[in-house]
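Protein sequence lines correspond, in order, to chains A and B. With UniProt numbering, the residue at position 191 of the first sequence is 191, and numbering never jumps. With UniProt numbering, the residue at position 147 of the second sequence is 147, and numbering never jumps.
Hints listed in this document are in silico derivations from the structure and should not be mistaken for laboratory results. Treat the hints with care, as some may be off.
Note: identical chains are not told apart, hence a pair may lie in one copy or across any two.
Unchecked claim - List time: in silico DSBU-like cross-link candidates among lysine-lysine, alpha-carbon distance up to 35 Å:
#1 LYS22 / LYS48
#2 LYS165 / LYS22
#3 LYS22 / LYS125
#4 LYS165 / LYS48
#5 LYS122 / LYS100
Computed from a prediction, not measured in an experiment: that's the story for all the values here.
2 protein chains.
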Amino acid sequence: MTPSTLDALIEALRCLPGVGPKSAQRMAYHLLQRDQRGAARLAGALAKALEVLRHCARCNTFTEDEICQRCANPQRDPRLLCVVEMPSDLAMMEQTHAFKGMYYVLMGRMSPLDGIGPRELKLEKLVERATDGVVEEVILATNFTNEGEVTAHTVSELMRARGLKVSRIARGVPVGGELEHTDIGTIAQALIERRSV
Amino acid sequence: MTPSTLDALIEALRCLPGVGPKSAQRMAYHLLQRDQRGAARLAGALAKALEVLRHCARCNTFTEDEICQRCANPQRDPRLLCVVEMPSDLAMMEQTHAFKGMYYVLMGRMSPLDGIGPRELKLEKLVERATDGVVEEVILATNFTNEGEVTAHTVSELMRARGLKVSRIARGVPVGGELEHTDIGTIAQALIERRSV
Ligand SMILES: [Zn+2]
Ligand SMILES: [Zn+2]
Numbered sequence: 001m002t003p004s005t006l007d008a009l010i011e012a013l014r015c016l017p018g019v020g021p022k023s024a025q026r027m028a029y030h031l032l033q034r035d036q037r038g039a040a041r042l043a044g045a046l047a048k049a050l051e052v053l054r055h056c057a058r059c060n061t062f063t064e065d066e067i068c069q070r071c072a073n074p075q076r077d078p079r080l081l082c083v084v085e086m087p088s089d090l091a092m093m094e095q096t097h098a099f100k101g102m103y104y105v106l107m108g109r110m111s112p113l114d115g116i117g118p119r120e121l122k123l124e125k126l127v128e129r130a131t132d133g134v135v136e137e138v139i140l141a142t143n144f145t146n147e148g149e150v151t152a153h154t155v156s157e158l159m160r161a162r163g164l165k166v167s168r169i170a171r172g173v174p175v176g177g178e179l180e181h182t183d184i185g186t187i188a189q190a191l192i193e194r195r196s197v
Numbered sequence: 001m002t003p004s005t006l007d008a009l010i011e012a013l014r015c016l017p018g019v020g021p022k023s024a025q026r027m028a029y030h031l032l033q034r035d036q037r038g039a040a041r042l043a044g045a046l047a048k049a050l051e052v053l054r055h056c057a058r059c060n061t062f063t064e065d066e067i068c069q070r071c072a073n074p075q076r077d078p079r080l081l082c083v084v085e086m087p088s089d090l091a092m093m094e095q096t097h098a099f100k101g102m103y104y105v106l107m108g109r110m111s112p113l114d115g116i117g118p119r120e121l122k123l124e125k126l127v128e129r130a131t132d133g134v135v136e137e138v139i140l141a142t143n144f145t146n147e148g149e150v151t152a153h154t155v156s157e158l159m160r161a162r163g164l165k166v167s168r169i170a171r172g173v174p175v176g177g178e179l180e181h182t183d184i185g186t187i188a189q190a191l192i193e194r195r196s197v
């Protein structure tokens, strides 16, 4: 006896990651009962995003243009290409103000268990980007998770096979970090990756 | 440098209950990257729901009609009015097949700390419904939480002031429940509410 429109909304909300039947129901009630303006804004924002957002032809991040503003910026060093998993990782890198090169956003990571391999990640687009004849070094800034490491490994093989220099951002004890509160694996890695001073 | 359309979508997703900035971002990426069809379906379902769903003039639940099918059903006993918090509670009651009367759905609960009192819950609509001259008994089936109990108390005062018989569904040990695995408060209540056999 649930109205079909309400059922359809609850079902549609389940396309959101991490939203099961119970929370989809709670979300639907909340939107209809307490926040119809928010619901209308969400419907509009979704429709607009689907209409105007696409992937930058150069760095693959979301953009409203053919080539995003960052890629179009002549101030940046086109010889360095930093590979990250998601736009949020790119944002973190930018906040460091320590990198003035270009980016490539994978929009995901390798995850063999979920069937996400080189093809699903469209790594051929990254290969094409990196072999433009201008890029000299590819800097891997994927996460230091299992999936991020697998991704970094695969990308590095592809890049090296094309004669590109490849580097990986360093692991180690966080800035301001105390050894006592740093996990053993990180300390071990920091020891292995020690630098002469 | 985030495209404004993407920012707007991330911001709009935050109207969903329990969704903070990080998960709104994750949801936006997921929809745009992995499930554009789901996103389009969600946008449509939201717009449709806002357009066609309203509250039943009699029981206050969501419906596409002026009066919902359940309220319009002449087979149900109009002398009994069961008050529940949400449509999901109504669905639970119906699954028991133990009640053939009418319902009133509060679409919420009293929550003085959140500023939700009798006025916000529109209890005057319930009073109007219950005093139609046909309802004889109001059965309170709000949750046995603090807020549900406060709600039941307030509703019962309103109903009794209008000469209506009021009852509360029973608390007790769950059917099939073992005392060893039942919380002490429930056992105490089951003792107080014991019935002669
Ligand atoms: Zn770009
Ligand atoms: Zn109704």
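Exercise. For which of the previously enumerated hints does the structure constitute a violation, in increasing order of number?
Worked result: 4
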